[in-house]
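*Asks:* Which chain is which? The protein sequence lines are U and H, in order.
For any residue, its number in the working numbering is found by taking its place in the first sequence, counting from 1, and adding 891.
For any residue, its number in the working numbering is found by taking its place in the second sequence, counting from 1, and adding 19.
Hint data in this document are derived by calculation from the structure and do not stem from the laboratory.
Here the structure is a predicted model, which means the values were calculated and not measured.
The beta-carbon is built from N, C-alpha and C at its ideal position, and this holds for glycine as well.
Treat the hints with care, since some could be wrong.
Here are the simulated lysine to any residue pairs, SDA-like style, with alpha carbons at most 25 angstroms apart [as the list claims (entries may be wrong)]:
id, chain 1, residue 1, chain 2, residue 2
1, H, K150, U, R911
2, H, K131, U, S900
3, H, K125, U, D1120
4, H, K71, U, R1278
5, H, K71, U, R911
6, H, K150, U, G1107
7, H, K71, U, S900
Covered stretches of chain H, as calculated for chain U (at least 3 residues, CB under 8 angstroms) [stated by the list, open to error]:
id, region
8, 31-41
9, 118-126
10, 192-202
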Amino acid sequence: MRTLLTVFSKEFVDNFRDRRTLATALVMGPLLGPILFAFVINLSLERSIADADSMMQLPVIGAEHAPNLTRFLESRNIEIVDGPADRDAALAAVKTGALDVVVLIPVEFGEQLREGSPARVELILDQANTEADRDARRARNALRAYNQQLAALRLVGRGISPLVLQAVTVDEVDVSTPSGRAAILLGMMSYFFIFALLMGGMYLAIDSTAGERERGSLEPLLALPVTRDQLMFGKIAAACTFMAMSLMLSLWSFFFALKFMPLEQLGMTPNFGPIVVLSAFFILAPFILVGAAVMTLVASFTKSYKEAQTWLSIVLIAPTMPILIVSILNVRSQIEFMFIPSLSQHLILVDMVKNEPLNPLHIVISVTSTLAIGAILTWICARLYRREGLLG
Amino acid sequence: MIVVNDIHKSFGRVRALRGVSFDAPDGRITGLLGPNGAGKSTTLRVLYTVLKPDQGSATIDGVDVVSNGLAARRRIGALPHGAGLYPHLSARENIAYYATLCGIDKETIDDKVNSIIGLLEIDAFADRRTKGFSQGQRTKVALARALVHDPQNVILDEPTNGLDVMATRSLRDLILKLKDGGRCVLFSSHVMQEVAALCDDICIIANGKVAIDGSADGIRERTGCDDLEDAFVAAIQVVEAD
C-alpha cells in the first residue's frame, strides 16, 4: 500500500510540474467544451431568432409592374431595392452568392392578375447556400401571404367565404418542456465531459509505459524491490485522480458558461444546477477507470511517446461512437444500453438535463457494469505490465 | 554474492546467451568484459530480474532470481545502461523516490539521501530539477538512486559511459569504497583498461558465452599473452570461431 501511495504521489507531483501536460489536462479539456458550445449556440441564435421583424432588403427586378405587391412587402418590413439589370444577371449574382435572393416580376404580371389567371413571380435563390436560407424563407412567406390575401379578396368579391378554402386546420401542440428542448442541443455536451475526462489522464497513461521506456527510467524502476502490479496500480490511480479533476472542472465550467448563454431565447431551460453538476460527476466517475485503463492499455503497445499520442487520439473519439449511433437512431434509455460504458452515462445525463425522472435500476447497472469493465481492463494492464517485452 | 549458472536466453531467433556461468563474490570487484553485442547487458538484466532466462539459474546471496525475484531485487542496487531520470523532479527527489520504493522508513530517508548525495558529490545540483543535466550529472544521480538503500550487491551496466576523466575517477573511488565495505560489485564494460585497472576478477564474454574468466594475471597466464588486450582478443577469437 505504501508503494502504491509513493508511486501515486510521485506521478501526481511529476505531472503537476509539467506545464504542457497540465495545460492539456486541466485547461484545454475542460474549456474546449463550453467554448465550442457557446459558439454553436450563438450561431444558432443568430440564425433562428435573428429578429424576424427587423428590416430586410430584398432586390426586386420589375417592381414597377406590381406596385401593390411592393407596398404589401414594405408593410411586412421588407425594403425593396433595385435588383440586377436582368434575369441573367440576377441568376449569376445569386449563384456567386453576391445576393442571397432576388424576386423577378415579369412585365405581364399586372395583366395576368387582371385576367384572373395565375400571375407568375420568380424567386431566384440558391438552396445550397444555407446562409441565404433565412432571407429566402422570409421572401417566400411574404409572397404566399400576398397570394392568400388576394385569393381571399377574390372569393369575398364573389360572395364566398374565404373559409371554404380551409377544409382542415392543423394546430400543433408541442409537449416538449423547455428542459426537453435543451436536451437536443445539450445532448452533445456529455461527449465534452468524456473528452475532458480522457484528456486529463492521457499524458499519465502514456507515461506509465511508453514515456518511462523512452526516458530510460523504466528499467531501473523495474529493478526495484516492488511488484509491477503496485507500480501499475499507483500509476493508474494517479491518472484517475487527474481525470476526476479535469471532469469536475469541465462540469463547473459548463455550469458557469450556461449562465452566459441566452438559452431562454431559444426556448430552452437546461436543468443544470449545482446538484446536477455533482450528480453528473458521480454518474460519469465510473467511466474514469475505464478511460484510464484503455489509454494505458493502448499506450503499452506503442513504441514511443509520439506513437502513443497518435493512437490515443483515436481512443478520444471511440466513446462518441455509441453516443452518435444512438443519437441518429433516436432511441431512448433502455436497460440494455446501461451495460455499455459512455453510452449509459450519456443517456442518464440527457435524462437528467431534461429533468425527467431517473430510473434507479439504470443508474445501478450503469455504475456497476462500468466499474466492472474498468476493473477487468486494469487487471489486463497489470498483466501486460509483467511482460518481458515491456522493455521494448 | 552473485552466482550465475549456465544461463541461456534467446530473443526470437537471436541466441543472446548460450550458457553463461560465473561467480561474483563479496568484497571483490568483478568485471564483465566483452565486445558490443556479446551479451553483457542481457546477463545483467537477468540478474536484476527484468528478463527471465530460458534455461539455467542465477542467485543473489542464495536467492533465486527467477522463482523469488522480489527478494532477489531487495539485495541489489542496479544501474541499467542509459538509465533515465524524471526531468520534473529534482535530483534529491529522484533519489528519495527510489529510497521510499526500496522500503526505507520515513525517519531515516533524509539521512540516507543526504549521505549518498555527499558521497557522490551531488550537493551542488541536488535541488535542481534534472532536466538539462549533463551526462555525468545524470549518471551520478542514477548511481546515487541505485545505491541509496545500501545494497549488498551492486550491478552496474557500463557505468562510465559518457563520463569525463574526473567523473570516471570518482566513480572508480566509489567502487573501491564499496569493495572495502565488503560489497559484491559486478560491472560491465567494453573498455579494457578500465576493467584491468579496477577488477579483481574478469569474466570475458563473447558471442553469448564466457570466453575465459579469472584474475587479470590468471588470464594472461592461460592465454600466454603478456598484454591483457592481446589476451582479450585471443580469448574472443576462440569463442567466435564456434
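*Asks:* Indicate, hint by hint, whether the structure satisfies it.
*Replies:* Hints versus structure:
1. H:K150 / U:R911: 15 angstroms, holds
2. H:K131 / U:S900: Holds - the C-alpha atoms of U:S900 and H:K131 are around 20 angstroms apart, at most 25 angstroms.
3. H:K125 / U:D1120: Satisfied, since the Cα-Cα distance of roughly 23 angstroms is no more than 25 angstroms.
4. H:K71 / U:R1278: 10 angstroms, holds
5. H:K71 / U:R911: 38 angstroms, violated
6. H:K150 / U:G1107: Holds, because 14 angstroms separates the two Cα atoms, which is no more than 25 angstroms.
7. H:K71 / U:S900: 30 angstroms, violated
8. 31-41: Since 0 is below three, the answer is violated.
9. 118-126: Check passed, 4 qualifying residues.
10. 192-202: As far as the region 192-202 of chain H goes, the hint is violated, because 0 residues have Cβ atoms under 8 angstroms from chain U.
Hints 5, 7, 8 and 10, counting from the list given before, are not met by this structure.
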